[in-house]
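Asker: If you read the protein sequences in the order shown, they are chains A and B. Each residue of the first sequence is one higher than the one before, starting from 0 at the first, in numbering that gives the first Met the number 0. Each residue of the second sequence is one higher than the one before, starting from 0 at the first, in numbering that gives the first Met the number 0.
Take the hints with a grain of salt, since some may be wrong.
Any copy, or any two copies together, can satisfy a pair, since identical chains are not distinguished.
Below, simulated BS3-like cross-link-like pairs (lysine-lysine); rule was C-alpha separation at most 25 angstroms, straight line [claimed, not checked]: (1) Lys47 <-> Lys199; (2) Lys76 <-> Lys39; (3) Lys47 <-> Lys172; (4) Lys119 <-> Lys133; (5) Lys119 <-> Lys130; (6) Lys130 <-> Lys193; (7) Lys119 <-> Lys199; (8) Lys133 <-> Lys179; (9) Lys199 <-> Lys76; (10) Lys193 <-> Lys124.
Quick caveat, the hints were computed from the structure, so don't treat them as lab data.
Residues per chain are reported as follows:
Number of protein chains: 2
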Amino acid sequence: MIFYYAIQTVSVASQIALEEAGAVYESRLIDFKTTEQQSKDYLQINPKGRVPALVTDRGIITETPAILAYIAQAFPKARLAPLDDPFLFAKLQDINSYLCSTVHVNHAHKMRGNRWVEDKDAQSKAAMTAKVPKTMHDSFSLIEQEMFIGPWTLGDNFSITDCYIFCISNWLKGDNVEIKEFPLIHDHHLRMKKRPSVQKVMAIHGLN
Amino acid sequence: MIFYYAIQTVSVASQIALEEAGAVYESRLIDFKTTEQQSKDYLQINPKGRVPALVTDRGIITETPAILAYIAQAFPKARLAPLDDPFLFAKLQDINSYLCSTVHVNHAHKMRGNRWVEDKDAQSKAAMTAKVPKTMHDSFSLIEQEMFIGPWTLGDNFSITDCYIFCISNWLKGDNVEIKEFPLIHDHHLRMKKRPSVQKVMAIHGLN
C-alpha cells in the first residue's frame, strides 16, 4: 500500500491507524507549500486534490472515515473497530461522520473559507475565521459530554476513532481553544501521546 | 426502531434505505418550522439538534453515513452494501463521506451560514450563498466523472449510496444547478424515482 499524506493535516489520523494495524506501507509526502495536491500527478491519485489517499492493490481509497474503517476491516487482528457488532460499529461511524462533516469543517473555516465564498471580507478574521474558536469549542464540548465514554472514546477498547479524535484535538491550540476545558479529551490526548504509533507519526509531522 | 426525520432534509436518504431494507420502524416527524429540532425533548434523542436519528433497542444512531451502513449491516439480506468486501465497502464509504463532509456542507452554505459566521453580510446572497451553485456544480461534476460507475453508483449492484446521492440530487434545482448537465446522475435520478421505496418516501416529503 502507498499512503499519501501532508504535514499536520487530517492524514495524521489514518497514519496512526496504519501504525496501530501493523500495516506494511510506503509513505509519500504531498507538499502543500508548493500546492502539490493540485499537481497533475496527484490529481490522478485523488481528483479532489486533498489528502489522505491510500493506494491498495485493488484501487485508491480517500476520505478519512472510509480509510479508517478499511484499515480496521483489512487488519482485523489489530481489533481497531467492533467489526462483529453492527450497532457498536455504527456508534463508531456516528462519531467519525461528525468529525468529518462538522468538526473538520468548523476548523476549515479558519484557513479555507475560499472553498465556500469568494468575498475576502467574508473569509476574514472579522467573519468566518472569527467564529472558529466557538464552533470548535462547541464541538468538543459535545464530544466530551455526549460521545466520549472513556478511557477510550468507545469505552474499554481502543479504536480508529481514537486516532481521529486525537488528530483533530491537535488543532485546538491553533484554533484558540483550551484543551484542558475538556478533561476527558485532555487525558485522552496525553495517553495517546504515550503510544509508539502516535510518537512515530508525531515525529514525521513535526508535532509534539 | 423509531426514525426521526424532517421534511425535505437529508433524512430522505436513510428513509429510502429503511424502505429498501424492508425494515419495520415507526416514523416521527420533527418540525423544523417550529424549530422542534432544538426542543428539550428532541435534544434528548439527538443533542446535535439535527435529523435524522434512528432509535434502536441498543441505543441511538445519528449521522447519515453511520445510519446507512447500519441499515445495510442490520439487514444483510437486502444486499444494500458490499459487506463481505472491505475494499468495495471502503469505496462506498469514500463516496458517503464525500457527500456528508463536502457536498452537504456546500449546500448548507445557502441556508445555514450562521453555523460558521455571525456576520450577516458574510452569510448573504452576495457572499456565502452566492458560491453554492458553483460548489454544488463542481461536486456533482466530480461525482459524475470520478465516482459514479453505473448503472448504479457502485456498478451493477444497488446500494445505500444510491439512496444518498438521490437525496442530495434533489437539492440541485433549488441550488440553481441543472441536473441534466450530469447525464449519469440525471438518468440515475429518473430510475430511482421508479422504485417503490423512493415513491413512498417522496410522497411523505411532498417531493415529486
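Asker: Of all the hints numbered above, which does this structure not satisfy? Sort the numbers upward.
Answerer: 1, 2, 6, 7, 10
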